[in-house]
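A.B. asks: Chains as they are written, first to last, in the working numbering: chain G, 1 to 259; chain H, 1 to 415; chain B, 1 to 278; chain D, 1 to 217.
Just so you know, nobody snuck in bad clues.
Computed footprint of chain H on chain G; a stretch qualifies when at least three of its residues, placed anywhere within it, have a C-beta under 8 Å from a C-beta of chain H:
#, region
1, 24 to 35
2, 111 to 123
3, 130 to 137
4, 164 to 173
5, 178 to 186
6, 193 to 204
One-sided and incomplete, this derived list gives chain D residues near chain H with beta-carbon spacing under 8 Å:
#, residue
7, S130
8, R139
9, E142
10, S209
As a list, the in silico BS3-like pairs of lysine-lysine whose alpha-carbon atoms are at most 25 Å apart:
#, chain 1, residue 1, chain 2, residue 2
11, B, K152, D, K97
12, G, K28, H, K301
13, B, K116, D, K97
14, B, K2, H, K301
The set of hints was computed from the structure by calculation and includes no laboratory data.
Positions of the beta carbon are idealized from the N, C-alpha and C atoms, including for glycine.
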Amino acid sequence: MPALPTEAVLGAWVATGLTLFIYSFLYKDNPLFKLSEHLYVGVSIGYSVVLAWHTIFLRLLWEPLAQAVRDAPSEAGSYMLLLPASIGLLMLTRFVPRIAWLSRLAFAFVVGFGSGVAIPRTVSAAILKQIEDTVQSLAPTGTGGYSAFMDLALPQSGINAIILLIGVVSVLFYFFFSVEHTGPGRVAARTGVYFLMLAFGAAFGYTVMSRMSLLIGRFRDLITFSGAEYGYATLILLLVTVLSLAGWELAVRRKGGKA
Amino acid sequence: MMGLAVFLLLLLTGGEALALAPPEGFRILDTPNDAGKSLSLVWRASPGESKDRTVQVWIAGVRPPSDMGSDPVAAVAFQKVAEFPANTRYVKPGDFPWWARPAGKGDHYAKLASSPAFPIEDGRPYAVKLLVREGDQEVWSEVVQASARPDWFNTAQMNNVLFVLAFTGTLLATIAAARRNPHVYLRRIAGLDAVDEAIGRSTEMGRPVLYLTGSGSMSDVSTIAATVILGDVAKKVAQYGTTLQVPHRDPIVMAVCQEIVKESYSEAGRPDAFKEDANFFITDDQFSYTAAVDGIMLREKPAANFFMGSYFAESLLLTETGASTGAIQIAGTDSDHQLPFFVTTCDYTLIGEELYAAGAYLSREPVLVGTLRGQDLGKAFIMGVLVAGTALATIGGLAQTDIFAYALDLFKDFK
Amino acid sequence: MKAFARRMVAIDRRIIFLLIAAAVLVPLLRPFGLPIKVSPEVRAVYDYMETLPERSVFLLSFDFDPSSKPELEPQAVALLRHAFRKNLRVIVMTHWLTGTGLADDVVSTVAAEMGKQRGTDYVFLGWAPGAYALVIAMGQDLYTAFPSDYRKIPTKDMAVLEGVRSLRDVNYLISLAAGNPGIEMWYVFGKDKYRFEMAGGSTGVMAPGLYPFLRSGQINGLIGGLQGAAEYETLIGLTGTATAGMDAQSATHFVIILLVVLCNMFYFVLRGDPGRSR
Amino acid sequence: MIFFKRHLPLAITFVMGITFALQYYVPHPVSEAAITAVSKWMQIISGFALLLGIASLFHMHAVKIRRQAAGWGYSLVLYGAMLGTMVVGFGSHGETKVDGAQTAFGWLYDYTMVPLQGTMFSVLAFFVASAAYRAFRARSREASVLLLSAVIVMVGRVPLGQVLLPWAWDVTQWLMNVINSAVRRAILIGVSMGSVALSVKIILGKERSYLGGGKDA
Chain G
1 MPALPTEAVL GAWVATGLTL FIYSFLYKDN PLFKLSEHLY VGVSIGYSVV LAWHTIFLRL
61 LWEPLAQAVR DAPSEAGSYM LLLPASIGLL MLTRFVPRIA WLSRLAFAFV VGFGSGVAIP
121 RTVSAAILKQ IEDTVQSLAP TGTGGYSAFM DLALPQSGIN AIILLIGVVS VLFYFFFSVE
181 HTGPGRVAAR TGVYFLMLAF GAAFGYTVMS RMSLLIGRFR DLITFSGAEY GYATLILLLV
241 TVLSLAGWEL AVRRKGGKA
Chain H
1 MMGLAVFLLL LLTGGEALAL APPEGFRILD TPNDAGKSLS LVWRASPGES KDRTVQVWIA
61 GVRPPSDMGS DPVAAVAFQK VAEFPANTRY VKPGDFPWWA RPAGKGDHYA KLASSPAFPI
121 EDGRPYAVKL LVREGDQEVW SEVVQASARP DWFNTAQMNN VLFVLAFTGT LLATIAAARR
181 NPHVYLRRIA GLDAVDEAIG RSTEMGRPVL YLTGSGSMSD VSTIAATVIL GDVAKKVAQY
241 GTTLQVPHRD PIVMAVCQEI VKESYSEAGR PDAFKEDANF FITDDQFSYT AAVDGIMLRE
301 KPAANFFMGS YFAESLLLTE TGASTGAIQI AGTDSDHQLP FFVTTCDYTL IGEELYAAGA
361 YLSREPVLVG TLRGQDLGKA FIMGVLVAGT ALATIGGLAQ TDIFAYALDL FKDFK
Chain B
1 MKAFARRMVA IDRRIIFLLI AAAVLVPLLR PFGLPIKVSP EVRAVYDYME TLPERSVFLL
61 SFDFDPSSKP ELEPQAVALL RHAFRKNLRV IVMTHWLTGT GLADDVVSTV AAEMGKQRGT
121 DYVFLGWAPG AYALVIAMGQ DLYTAFPSDY RKIPTKDMAV LEGVRSLRDV NYLISLAAGN
181 PGIEMWYVFG KDKYRFEMAG GSTGVMAPGL YPFLRSGQIN GLIGGLQGAA EYETLIGLTG
241 TATAGMDAQS ATHFVIILLV VLCNMFYFVL RGDPGRSR
Chain D
1 MIFFKRHLPL AITFVMGITF ALQYYVPHPV SEAAITAVSK WMQIISGFAL LLGIASLFHM
61 HAVKIRRQAA GWGYSLVLYG AMLGTMVVGF GSHGETKVDG AQTAFGWLYD YTMVPLQGTM
121 FSVLAFFVAS AAYRAFRARS REASVLLLSA VIVMVGRVPL GQVLLPWAWD VTQWLMNVIN
181 SAVRRAILIG VSMGSVALSV KIILGKERSY LGGGKDA
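Next up, chain G with everything else stripped away, as it sits in the complex (with noise of 0.2 Å):
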């Protein structure tokens, strides 16, 4: 097997020792835990302000703005962009607290728009869309008949587009607190809470499934990093872990601190 480039050992230990420092948050919370939590935030803002930096103030603004400027130095139209860098600056000045008002005009730009844009959008979408879809009619016409009107199975079917009202109709009347949840009102607001846990119970389930899939991937990387080839990083270093943590409870014991 060829030997692995420098870097990618060095990142393999550098990987794991971090995974293995936000697991030891399962122990208790310390501080292992909380230089590499720390470590991540700092890196993720770093991280974005190369980022920020090189497509929206190189790619987005200022480049086009040059070309710009170099291919019609005398066109007011050339200068276009400049104006929501100023709008851009405005909210700056949220730093400054005289001038901090000045941000107001800023954030009531970008409020204003996406709350226009998202109104019309939200009703088409999410709204009118969903009641088309909703209101459909049951005769048990088509192919199949009474039995594909029957059909569980089959999520169009006619059994489930009444079960689908029925469900969409109760649960939006649990929400619905004009009325109080008495006589049929709270045989509608009970379906309606059915309806709510079954579909929480799935969204539990898939949700305990997602934090599985994390681990599995983490554990993934943990084993293939545990390898002759990357220097049997993660059994190094868990044993570092699990000895830094000793120490540091004893430490804390013999000072009379709590951990």
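Assemble chains H, B and D onto chain G, guided by the hints.
C.D. replies: Relative to the frame of chain G, chains H, B and D by itself:
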């Protein structure tokens, strides 16, 4: 009936014997509700259309009147821009709403968009004709003319506009009504009934009440609701004479909560019992905060834990520890991804909008109450539409009629 | 009985941590390879990809960051392999800043493995800010939204983008999303207006919330979590990391179910015990 | 002054909101051009917004260090990591790979950020397990229904479950496509009405919390 079948059979088998007829009712129009540079063709369906018969679209730009010859159409060169089987491009139900229908049901409708091969310009007239072919037979339609233009309003989305306007109007009306009378009827939220029980038990056991406001900032609706509910809880805590602990992650939320708790103690007639350090800041860091709160739960064993506001992954760690200390736990959150965990680990959970409703219910703040009421009316309307719409669609389906489309189309999404 | 239950409930939770670690480790080291059943929502994506003619434009948006890598990277790899095998033109981008490097790694690796050329067979546009504003900008003109790709090569005149002016020229779009901006935003601001066909791939956490959009046809298919990725791997006949992880997935699910059952048994036994439960 | 500080922002919000809500219904090229231009601007403005967020984090930790508040050492670590990444990043011209070879910036991303971010959330798998054992109780009829449905989905979604209990797969499909769709649709409609209501209130100036910062007077 029989005669028709025979006729159709003749048409299919002895097609060659029958002469091909030109398309009937052929017309051309500017494509409605678009950004221009496009024309639409409409013609009626005719019997005998099959995949063996094809339709070709030929188009020519008509020269402007200035250099027009004696016959503008004859003088220009037609170009073939599209070809498709004759049994395609029918108008299907649902393609257009009844108030903006360029062609009747069952007609053919074909859109011609500008393309590099044949650019269509706005404002310039174009002549179009169809060629119908089957086997070695060919027949031309008449030549029709139209010009394209961009439109200023998409009439197909009229229902969307109406919905937005009606909802806005309702909202303004309900907010105005709530300003006049903030005590409009709102149903009691079941989870709130448990608050008394939980605080009562804390008092009996002589243990503190723990209240968390979530991870949101003061601009989140859920945090606002959480602080309102805190006011209610604090008042009861003051009345019962037990202790309250509110650990925080956000200094601003903490400052607001301090004021709220202080006021609650005054309202309860126990300003002397108020302690400044009931609200305290731990850290803004998600997991360190969680570890610290878990520590409080294990050491001080509060008998009632409240989790209101928005939560992320920390919810599970918090409620699990709380459950293990045997506390009554009441949660309320709009973080739907955490709701399943709250429901299984807490005794009562305010789900999603219930949290906002509880906030409005307790605070009687006109904008909150009015918004809740407005949304309620909207929901009632939608529930009505769903039930009535399904009934109409079913009756329509059974009776094979489209008459209800006039109502149903209003609640479809058209482009 | 009660004493036993009380002792069992009070066991140190670190024992449970070890149990779940074992449930992951053992199957990863000793896989047993169970067959994977394909759901209709995943098959729909595969079937649509199969209908696309060669050189169709396929846009894959990596709307996630490294925290969802184990779930969404296998999906991305499977989809890219399929797209490259079908000789589609592949455009890759991301809405998530911190996912940029990851997306670049994945697309470069799969392209190299399938012998595809950057610039002629695929392009990685990188990240750009704006989320929904970016989608609108792309819908009108791809080249002002992304004047150059991630490697700073101008996008104009790139062979892979020939004839592509905006999102209207995209044949199929899949957003692999771990949250917002993601699938819903691509629909609301993209597909709804610019009329391309689209599907979604998501983390397990997100998937249930996307079913209303699937049902109404707003997305034409949905790949959910690692299981969805394994199903897609099965469909294209190339087993990858997702399939390899499914045994561990099975094991952990059954451990969790066992724990829930035990929890409720002890809870049932201890009913009415003061201080434990009400 | 009050005009600039209070009325002008509200006016801007109102005009922008109304204009771009109406824009949706106008297919004319003029309207398309308007939204394209403003979207393009928004991209750049959101770049500054990102900067704003980063700067306030910067500020918060600076305060912590200066006051030597509890755990200020970790803030120092955060600073070091951030500045280090920036130096390396700008040194590599923001490139993670050059001609197929990894740059120092790329190395930093691949071996620190990716594992750190990935691990933070995988820790939750352990807590799910411990909560499953200690807290997921069928304490009411509702919670029992929830747990039952969760168990079926957990069985139905993995190969082992499909072998042991084949019906669980079908039930899971039904739960997801019918029950789950219905509930999510109702929630979607409700939440969307809430967000439309919020947008309307913002445009009409009835909701102003987004303006925040800076006193009126």
